[in-house]
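Quick note on our numbering: the sequence shown kicks off at 525 and runs consecutively.
The set of hints was computed from the structure by calculation and includes no laboratory data.
Keep in mind it's a predicted model, so treat the numbers as computed, not measured.
Warning: the hint list may mix true and false statements.
Claimed, not checked - Below, simulated BS3-like cross-link-like pairs (lysine-lysine); rule was C-alpha separation at most 25 Å, straight line:
{"no.": "1", "residue 1": "K610", "residue 2": "K643"}
{"no.": "2", "residue 1": "K571", "residue 2": "K602"}
{"no.": "3", "residue 1": "K759", "residue 2": "K661"}
{"no.": "4", "residue 1": "K643", "residue 2": "K616"}
{"no.": "5", "residue 1": "K759", "residue 2": "K722"}
{"no.": "6", "residue 1": "K616", "residue 2": "K602"}
{"no.": "7", "residue 1": "K722", "residue 2": "K765"}
{"no.": "8", "residue 1": "K571", "residue 2": "K616"}
{"no.": "9", "residue 1": "K722", "residue 2": "K661"}
Said to hold, decoys possible - Simulated DEER-style distance windows between Cβ atoms:
{"no.": "10", "residue 1": "K571", "residue 2": "R656", "range": "21 to 31 Å"}
{"no.": "11", "residue 1": "R656", "residue 2": "S738", "range": "42 to 52 Å"}
{"no.": "12", "residue 1": "D655", "residue 2": "P771", "range": "45 to 55 Å"}
{"no.": "13", "residue 1": "N730", "residue 2": "E663", "range": "40 to 50 Å"}
{"no.": "14", "residue 1": "R656", "residue 2": "W715", "range": "19 to 29 Å"}
{"no.": "15", "residue 1": "P771", "residue 2": "E670", "range": "24 to 34 Å"}
{"no.": "16", "residue 1": "S738", "residue 2": "D655", "range": "43 to 53 Å"}
{"no.": "17", "residue 1": "K661", "residue 2": "K759", "range": "17 to 27 Å"}
{"no.": "18", "residue 1": "E758", "residue 2": "S728", "range": "18 to 28 Å"}
{"no.": "19", "residue 1": "T613", "residue 2": "E670", "range": "22 to 32 Å"}
{"no.": "20", "residue 1": "I664", "residue 2": "E758", "range": "39 to 49 Å"}
Think of the CB as a built atom: it goes at the ideal place given N, C-alpha and C, for glycine as much as any other residue.
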Amino acid sequence: MLENPNLVFFVTAVAVGSILIIFLRVLFSGDRFLTINSDSPIYLRLKELGFSTWEDWVEKHGLSRESLPYLAGGNFEKVTLGDLRKLATSLKWSLTELIDNLGLDYTGKIPQQELLEEKEELRRECGRLRDRLQQQKAEITADVRESTFQQLQSLLTNYPSIRPMTEVKPNLPAKNLVSLLAPLDNLLESWDYEAIGKPWEEVSFNPQLHQADSDEIAEGDLVYIRFVGYRNGEKILAPAKVSRTLPGGNK
């Protein structure tokens, strides 16, 4: 037995201290404070951000010890405003979004200037989203137009060449067909699609705009447009098909 009173006191103090340390570690590191309800807005947000566990998030975004039990238990009204700001930042929310998502009543507790700044940031974010949506809409519209053009390309490049033929030979059965297809010109114009040349027009060969029917045709040679092409601004949708001669071998 220990007979020295000082030694007995020392051993007792060490034992009590060890127990206290273990208790505090369990208290602040155990499941009591590192467990959060699975239906909590914070839990759902953590999953969206890629945190697999509550512990992962606590390690990366530590808040004050006093706030952890309230956060885990859902008692957000007891969390300090400063910790709510940290929480909002870690969850990539604005303070206003956090308060709204948690259904908190912090009326009068947030400085007016901060509310105005939050409102302005939300307004800017809405503007950025609107711009992105408009850009995506324009891209989708352009894609649909080009897809439609590709499906109708054969018709669009051939029917203009029928027009001068019907003027030379009015009895051609295709004359009525040309009048039916005329609205296509209006459609292309509304898309800002521009024809490259006119049927039977004599032009200087430009390999960027024209497709020759012979490898012997060089840039600058005089050629005739057999079938028109189309462009959208600087983009060539279909080059005009050209030849040294007109239909029937005429020059």
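We went through each hint and held it up to the structure:
1. Taking the CA atoms of K610 and K643, the gap is near 18 Å; set against the 25 Å cutoff, the hint holds.
2. For the given pair, K571 sits about 24 Å from K602 by alpha-carbon distance, which is consistent with the 25 Å threshold.
3. Taking the CA atoms of K759 and K661, the gap is near 20 Å; set against the 25 Å cutoff, the hint holds.
4. Proposed proximity of K643 and K616 is supported: the alpha carbons are some 16 Å apart, at most 25 Å.
5. Using a Cα cut-off of 25 Å, the hinted pair K759 and K722 holds, with the two alpha carbons roughly 18 Å apart.
6. Note on K616 and K602: the hinted pairing holds, with a Cα-Cα distance of about 21 Å set against a maximum of 25 Å.
7. Of the pairs offered as hints, the one joining K722 and K765 holds, with about 11 Å between alpha carbons and a cut-off of 25 Å not exceeded.
8. Restraint check for K571 and K616: satisfied, since their Cα atoms lie roughly 13 Å apart, inside the 25 Å limit.
9. This hinted pair does not check out: K722 and K661 have alpha carbons roughly 33 Å apart, beyond 25 Å.
10. At roughly 25 Å, the beta carbons of K571 and R656 sit within the given window of 21 to 31 Å.
11. Range check, R656 to S738: Cβ separation about 48 Å, and the 42 to 52 Å hint holds.
12. In this structure the supplied range 45 to 55 Å holds for D655 paired with P771, their Cβ-Cβ distance being about 50 Å.
13. Range check, N730 to E663: about 29 Å between beta-carbon atoms, so the 40 to 50 Å window is missed.
14. Separated by about 23 Å at the C-beta atoms, R656 and W715 satisfy the suggested range of 19 to 29 Å.
15. A hinted range of 24 to 34 Å holds for the C-beta pair P771 and E670, which are about 29 Å apart.
16. About 49 Å separates the C-beta atoms of S738 and D655, a value consistent with the hinted range of 43 to 53 Å.
17. Our hint of 17 to 27 Å for K661 and K759 holds, since their Cβ atoms are close to 19 Å apart.
18. Taking 18 to 28 Å as the suggested C-beta distance range, the pair E758 and S728 conforms, at roughly 19 Å.
19. In this structure the hint that T613 and E670 lie 22 to 32 Å apart at CB is violated, the actual value being about 44 Å.
20. In this structure the supplied range 39 to 49 Å is violated for I664 paired with E758, their Cβ-Cβ distance being about 21 Å.
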